[in-house]
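Trainee: So the chains spell out like this:
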Amino acid sequence: MLVLAAWATATVDARSTGPGREVLRLLVQQRRITRAADIPLVRLGTTLLPVAAVLAAAVLPFGFRSVSDLPDGVVWFNAMEALAWAAVWLTGWAPNSTLSLIGGYRFLAQGLAYELPHMLAITTAALGAESLQVGAVVDAQSGLWFAVWMPVAFGIYLLSALAMAFWGPFDQPAGADVAGGAAGELSGVDRLVFLGGRWLLLVVAAAFAVPLFLGGGHGPLLPGWAWTVLKTAAVLGFLLWARRRVPTVRMERYVELAWVVLTPLAVAQALVVAVVVLAR
Amino acid sequence: MDLRTRLTRVALAQPAVLLVTSPGATRERLAVEAELERRDWPQAAGPASADLVVFAGTPLPVREDDWAERVWQGVPAPRARVTVTDAVHAAHALDHGHATLLKPGTQHAGHQGHMNHQGHGADHEHESGHGEHGGAHEEHGGHEEQADHGGHEGHGGHEGHRPNGEHAAHQGHGHMDHGGMDHGAMGHGGHQHHMGAVAGLPMAERAADRDELRLDRLHVPLGPALPDWPAGLVLRLELQGDVVQRAEVDPVPTPSASGPAFWNEPWLRAMTGEPVTVGEAARRQCAAHLDSLGRLLGVAGWIDAAGRARDARDSLLGGAGRDELVPRIRPLVRRLRRSWTLRWLLAGVGAQARGPVGGDVHSRLIAWLDAIEHALDAIDGRERLPARPLRGPRGRVDTETPPSQSLLDALPELLEGAEFACARLIVASLDPDLDELAPQQLPVGRNHG
Amino acid sequence: MSLELFLIVAAALFCVGLFGALTQQSIVMLMMGLELMLGGVILAAGAAWHYIAPAAADGQVLIVVAITAMAVEMAIGFAVVTALFRSREIDMTDMAAELKE
Amino acid sequence: MSTAAFWLLAVVAVASGVMVFRFDSMARATFSLLTALLCVGGELIVLGLDYLGIVTILMMTIEMAIMAVFMVMFMMNPAGLMPMTMIHNKRGAAVICALAFALLVAGILLAPWPSRQGRPPADPTMDLGMSLMGPQMLTMMTLGMALFATIVATVVLATRRGRYDRYGDELQAAPPADPVRGGVGR
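From first to last, the protein sequence lines are chains A, B, C and D. Per our numbering, the first sequence starts with residue 103, numbered consecutively. Per our numbering, the second sequence starts with residue 2, numbered consecutively. Per our numbering, the third sequence starts with residue 3, numbered consecutively. Per our numbering, the fourth sequence starts with residue 5, numbered consecutively.
Hints in this document: simulated from the structure, not taken from any laboratory. None of these values were measured; they are calculated from a predicted model. Ideal placement from N, C-alpha and C gives every residue a C-beta, glycine not left out. Treat the hints with caution; some may be incorrect.
Unchecked claim - Derived Cβ-Cβ restraints for the label pairs, each shown as a range: (1) D:T7 with A:R167: 20 to 30 angstroms; (2) C:A57 with A:T149: 57 to 67 angstroms; (3) B:R40 with D:R164: 51 to 61 angstroms.
Required output: the full structure, derived from the provided sequences and hints.
Mentor: Following this line, the structure appears as structure tokens:
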């Protein structure tokens with residue numbers, strides 16, 4: 103499912119060539135690396151990204167079943183997504199090139215900016231369900247979706263979903279102004295693995311919004327899995343559309359917004375949810 | 002045709018193109034960009050992601066440094082390169098490059114040949130791979146085999162290049178550069194011999210940063226092959242992390258094709274007394290600003306709007322009528338004016354109180370939008386351009402110093418202390434046209450179609 | 003698997019960290035040694051919880067304390083390095099020791 | 005299964021812990037420390053402490069990523085391209101550590117460990133939360149205060165500019181004099 107979704111994402115990516123062709127192109131391409139690069143770290147960084155995405159996907163319910171519904175699934179997702187920090191920084195550092203290192207730095211700055219409100223947002227969803235288990239969060243939404251009565255947390259989650267996959271307006275770590283940034287020195291299979299991992303991460307992040315805020319597999323008529331797919335596609339579509347509407351957000355601007363505006367908002371949202379949960 | 006060849010053919014049906022423009026080759030760049038747009042071939046951000054390198058104009062070495070060669074070295078196989086020295090042949094050159102790319106041999110070795118091209122009465126040269134393109138091409142000159150596996154030298158970064166036992170005192174030499182710019186795409190290193198080098202890379206030294214921390218300072222030459230970068234501009238930056246500590250503009254190599262600066266052409270022609278209509282000048286001005294706008298938006302990461310600006314520019318230069326242009330350009334201008342995210346992100350960057358570049362990046366963008374709308378109104382003007390003042394897209398063209406010179410002079414001060422992303426925005430918001438700096442030759446009736 | 007095995011692994015981590023903390027001259031590297039030592043403490047606390055008193059949450063609380071200590075140590079450590087570096091351009095313990103003189 | 009996981013994680017943890025001080029390159033050292041600490045988190049999960057294990061993984065990943073930046077900032081030769089040793093009194097430290105390890109192991113093996121009392125609760129995470137918000141409230145509050153003090157202390161230590169630098173002597177400068185403008189228009 104994930105692979106399919108990543109495929110679909112790639113189709114509507116800015117690159118107009120089909121994803122299959124792009125994959126082929128990168129497979130045909132030679133791997134090439136810069137002088138005095140730390141090759142083991144390049145390989146580690148590039149492969150860590152898709153691995154982190156797949157591990158994060160382990161707690162994703164497809165319909166109502168997931169590979170492993172851990173009792174702390176929400177925290178697990180957060181931890182695996184944080185592995186991307188290490189992955190992108192390594193990929194930026196290891197080729198020994200200034201512009202790709204700047205890409206790596208940027209992702210850490212971005213991580214620090216988005217992580218605080220992001221954690222509060224997913225905590226709010228867990229708080230609403232009174233459980234860290236993803237399955238329990240879905241069950242708690244059989245009636246009202248969390249997105250309806252926690253709109254702030256949902257909005258913040260969507261922002262951070264873009265940021266964690268360094269996608270759309272948050273694509274500064276791999277921005278065109280640093281000639282591709284962290285991905286700028288990768289070619290051939292390395293590039294394929296890294297960019298594929300990024301797509302996967304975006305898809306997983308979008309898909310995780312469904313159990314957290316959009317009621318998971320709950321919905322009339324259709325079976326659970328169909329609702330999951332539909333909702334994931336809708337969130338993905340929205341994220342991809344957002345990319346066309348706004349320029350790249352620079353972190354020196356976003357970090358202040360995230361810490362001074364979004365974090366207090368997220369705390370307030372959590373407070374409201376906590377009061378509701380206590381009162382019911 | 003074996004499977005591998007067929008696979009390659011499918012994989013490279015739309016090769017990623019790295020377009021590298023030399024100063025003086027604006028016309029060629031525009032032709033190639035329009036052709037890429039028509040074919041739907043993507044542009045690569047750097048050599049590592051490119052298949053086909055297109056040099057618009059013959060690349061000239063900067064300070065004896067053959068950066069073009071290093072760009073080429075950074076491109077993974079299969080690869081091909083072509084040089085477009087005349088706008089008319091952009092499509093042919095791309096075809097050649099593509100054919101070379103698909104030739105089975107190129108998986109492992111690049112071929113380069115020279116070709117002369119007869120057509121349109123004038124001699125056009127374009128260099129390209131020697132694909133079997135047939136027709137009007139005559140080959141002459143040798144084929145230079147180009148080794149393709151040059152990229153793997155020096156993995157041995159960790160095997161100790163210098164037995165340097167104790168760490169000794171801290172200050173001074175011995176600070177390893179943590180990201181020496183080493184492949185040619187964005188610049189050309191290797192000038193900092195006084196700092197010593199490890200693995201052939203220059204090392205960093207320390208200096209106080211804007212918070213008065215003495216951190217490693219990297220010497221990074223920026224340009225000339227960067228996406229959305231003024232053709233031929235080379236900045237020598239001292240970077241700490243991603244903060245520009247000092248910037249210096251490198252002298253610009255004299256363009257080989259010393260035709261008139263493309264964007265100033267109507268006014269330069271008017272200077273010689275040729276009859277130039279107001280509409281023609283307005284059209285060029287509008288296109289010039291749309292070109293700058295496309296770059297600025299590209300650097301700002303608004304790919305969608307940048308693409309629209311470029312499309313509008315291409316149709317302007319293609320001679321589209323006002324009725325066709327207004328519905329394309331007006332909505333774009335309105336959208337950019339209204340975009341609060343754009344204002345939020347660009348306001349306050351590169352702010353300067355006075356001078357030729359007063360305001361910040363956002364106000365410069367708004368000034369372009371004003372000029373675009375203004376020029377769009379005059380696009381059908383049939384009256385003759387007044388002899389004076391001749392105001393081109395970047396300023397007066399009839400003065401001693403070209404307007405881009407003052408833009409370049411303003412750069413170092415504006416860049417100091419800016420973060421890398423802001424520095425790119427500042428350069429893009431000034432968008433100096435290095436064509437103007439070449440010794441001007443007045444055009445002799447060569448009009449752009 | 004037994005309590006002893008877990009504790010021996012924890013002791014090994016602790017001692018490796020101690021070695022690092024004692025030998026490294028760079029303050030940042032020294033902090034990495036400290037992190038490793040605290041990692042050993044976390045492991046030991048977890049093992050003690052599991053094998054001795056799983057019913058009480060004290061072992062878990064100790065882990066929380068250790069994790070917080072790691073975070074605080076990192077933050078303060080880097081702040082000190084930054085302050086030292088700003089005033090004296092020093093990131094080595096030996097040189098910081100000379101400041102006393 | 006869990007025995008195999010224990011051994012694998014234990015070996016990787018100790019090995020990468022040793023490698024932290026053997027690598028020349030800062031990036032490699034940092035990430036081998038990260039590997040060691042991730043293995044510690046894994047061991048906690050093996051012990052049945054899912055939540056704390058995952059939190060350890062989360063915290064350590066973020067911590068090490070940030071540490072890597074400080075490494076690059078402050079260390080000379082962060083890439084390890086030019087091997088150099090930056091250690092002192094290696095032999096003494098080795099002796100101390102070996103002794104400490106021997107003592108610890110002896111103590112571990114000889115100590116009369118109490119037998120297991122009680123059973124792990126069904127949800128140790130719930131147990132931890134209840135304990136932190138109940139009997140261990142004092143610990144929690146102390147930790148909170150310590151973290152808050154850390155935030156203040158680190159900012160005071162690390163920054164050069166106070167509010168008089170930003171807002172002028174009268175604290176009235178409308179936009180503060182910052183090197184970069186923030187995103188909220190202050």
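Trainee: Each hint should be assessed against the structure and marked as holding or not.
Mentor: Now the hints, each set against the structure:
no.: 1; hint: D:T7 with A:R167: 20 to 30 angstroms; in the structure: 29 angstroms, holds
no.: 2; hint: C:A57 with A:T149: 57 to 67 angstroms; in the structure: 42 angstroms, violated
no.: 3; hint: B:R40 with D:R164: 51 to 61 angstroms; in the structure: 54 angstroms, holds
When the structure is compared with the earlier hints, a violation turns up for hint 2 alone.
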